[in-house]
Each structure stands twice: as C-alpha cells, then as structure tokens.
Amino acid sequence: MNGTVVKNQLIFDFASGILGPAKSLFASTYLQLNSNASKISNTFENMLGENLMDNENIHPKNLKYTDCINNENIQSASNPKDPVTSFFGNLNNLDWKQVYKGFKEYTASIDDKDELKLIKMDPGVSVPLHSHGGKEYILVLEGSFCDEYGEYSKGDIQINDQKIKHTPIASKDTGCVCLSITEKDVIFFGKYGSFLNLFTFIKSFFKQK
Amino acid sequence: MEKSNLNNLMNRVQKDRDEIAFSEIFDFFAPKINAYFIQNRIKIESSEELTQEVLSTVWVKSNLYDSTKSALSTWIFTIARNKKIDFFRKNSKINFQEEDIREFLYQDREVDPIEENEAKKQIERINNELDEQQKIMIKMNFFENKSHKKIADELEIPLGTVKSKIRHILTKMQGFLR
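Chains as they are written, first to last, in our numbering: chain A, 1 to 209; chain B, 1001 to 1178.
FYI, nobody ran anything at the bench for these hints, they're computed from the structure.
From the three backbone atoms N, C-alpha and C, an ideal C-beta is built for every residue, glycine too.
There's no promise every hint is true.
The following label-pair restraints were derived from C-beta to C-beta distances [as the list claims (entries may be wrong)]:
(1) A:G102 <-> B:I1157: 45 to 53 angstroms
(2) A:L94 <-> B:N1007: 42 to 50 angstroms
(3) A:G3 <-> B:T1068: 49 to 57 angstroms
(4) B:G1175 <-> A:G150: 15 to 23 angstroms
(5) A:D67 <-> B:I1157: 19 to 27 angstroms
Take these sequences, add in the hints, and give me the full structure.
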C-alpha cells in the first residue's frame, strides 16, 4: 500500500468536503499540525477554485445581487483554532478507559460509521503485535512512538490496513497521545492476542443495538 | 473575466463597499456557484438559496479575503463547499445530531494559504502534467463529488479503469504537491 496516496486521498476528500464527521475532525487536526499537509490542501483548494472559475453557468432564476447585500442572516462566527480541544475539551479531564497498564483510550461519541478515539500511551509502553480488519489512521498529537516502519512524532500520521502487522512502542521520554480513526476492529496476535481479540469481539456486541 | 479584473472588483468591495463592483462579481460567480450546487445533486430551489448565502458571505465578510494569499475563486470555492457540507449535514437525517463536528470545522475563516505566486506555479504544473481526461476526472470526482461508478458511466469506460486512473492521478499529483 502506498501510504502517501492514502494520506493525499484523505486531504483531497477533506478539501472536497465529502468526509464524515469523524474523519473531518481527524483531517482538520492533521492539517493544523502538519504544515506540509496544509500546503497540499491549499494547492488542492486552488485547483478546485480553478474548476469553479471555469465552471459552466446555470443562471439562478430568482436571485439578484441586492438580495445578497441585504441578507441579514449572515453572522460572523468565530472559529476555534484547535479542533481537538474544541471537541474534547481539556484532555486531562476526560474519562479515560484503561485497556491495559500504561495504555488508555477515550472513544468520542460521534454519530458516524468510523470510530474516533484518543489513545494515550505511557513512556515506553508497547502495543502487542496486531493487524487491522479495516483501515486505521493514527495521528500523533503529543510525544512520539515508533514501530517496525519508523518513528512518528507530533503531526505525523500512520495509516494501516489489514496487510500490516506492527508493534508500536511509545517514546521512553514522552509517551504519546494520538488521535485514531478505525474503520473496523483490530485483530491482535501474540501472547495476549487471543484475549484482546475476545475483548474486542465482546465489545462489538455492546455496540450493536 | 480576467483574474486581475476580479481582484480589482474585490478590492473596491473591500475598501469602498462598492455595490456596483459587487454586482459584477455576482454576475460572474452566481451562475457558476449555482451550477456547482446542482452538480452536487442539490435541487434547484435549494441551490439558489445556497448561492445567495455564499455571495452574501462574500459581501459581508469581504475583509476575510486576502488577495496576496489566494485567488478569489479559491476563497469563494471554500465558502461554497462549506455551505454544501452544512446543507448535507442538516439534511442527512431527520433527527439532526448536534455532535456533528463539521459544523465548526468548516466555517468561513481566515486560513493561512500559500503565496499566490507559488499557487500559480503549482496550478500551471498541474495543468501541464495532467491530460484532459485526467482533469475531467478530478473535476468529476472532487468538485462534483460523483461516485466512481457514475464517472465510469458518464465517460463510458469500465469502473476498474476509473479506479486505477484516479489512483494514478493521485500518485502523480503527490509528486508536485509539495
């Protein structure tokens, strides 16, 4: 899988405005933390702007320019700079669930097919070798982690699919806080693998209504 | 219309609140914005309402536009896109849920885009490196948000070809989107 293509796809889909709420929050945080990604998004918006410039004309039948000048419904809204804080509030005050020692997560209540989670790993903590049923997107918000494929620090994203098995380890100095999107549940391997799979399996029952 | 001309008009709107200048911007963009909404499968009654909202925003929030940082068409595109998202979000379910984050992610705001010269160069490179069919596919996929299936039907090529071509375009674009 070409990770860069998937990252660009995420950015383009965000710029086009077709992402669901979970991925929208994820992508906008990514653009905010990663200046390269933000540049790509701007370039892409320029391209779409060109499309608008050259677009065909379908003339509105009942609209005059004065309707726009005299429209009082438009208010200036202030925009939060930091999407994660605006949505989750102070991360220290969240009701984190401990999955195992040194690994906590918080699942956002968001109405979407994708699951949006915050993950907090204490310094040096590792996740057992696992792969993914669907795609998983991870964005580092604070600290860093590394796995078989490289090191990931603030503003970096990693996108994993079912072909990838990895063992992420949080930085020994800082630990890490990440935002993650899961399209489907994760499959674990190794020592605690079967237990964790069972846990995920049981959890999935409670999600269904 | 020339871009420099549009910038002059916008400048007059910003500085002098010039209604005549605004009416020219309106004449140029209103049919294109209206078409954008219709291409995105929004019915004509709503498309005109949304077009009005977009151009009202251009008038009311003209101070948010910075001509040294992006083309006017880019700024107006982002406003139209945000209105589209908001429209679909509100119409997606009967019990509209407040927790939908997109409401505040996609608001009209000052962004920090790249310098216009750089943007121009990138657009030129993209225009040089993509052929006509690829450009049409980008427009259909990302501007009109058509499904791959729909694109395949309209261009009369197999679905698999559409998927691999769009993938190819994305791979190609990553080379010069840096």
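Against the structure, the hints:
1. A C-beta distance of roughly 52 angstroms is found between G102 of chain A and I1157 of chain B, which places it inside the suggested range of 45 to 53 angstroms.
2. Our hint of 42 to 50 angstroms for L94 of chain A and N1007 of chain B holds, since their Cβ atoms are close to 46 angstroms apart.
3. A beta carbon spacing of about 34 angstroms between G3 of chain A and T1068 of chain B contradicts the range 49 to 57 angstroms that was offered as a hint.
4. In this structure the hint that G1175 of chain B and G150 of chain A lie 15 to 23 angstroms apart at CB holds, the actual value being about 21 angstroms.
5. For the hinted restraint 19 to 27 angstroms between D67 of chain A and I1157 of chain B, the CB-CB distance of approximately 42 angstroms leaves it violated.
In the structure shown, a violation is registered for the earlier hints numbered 3, 5, in ascending order.
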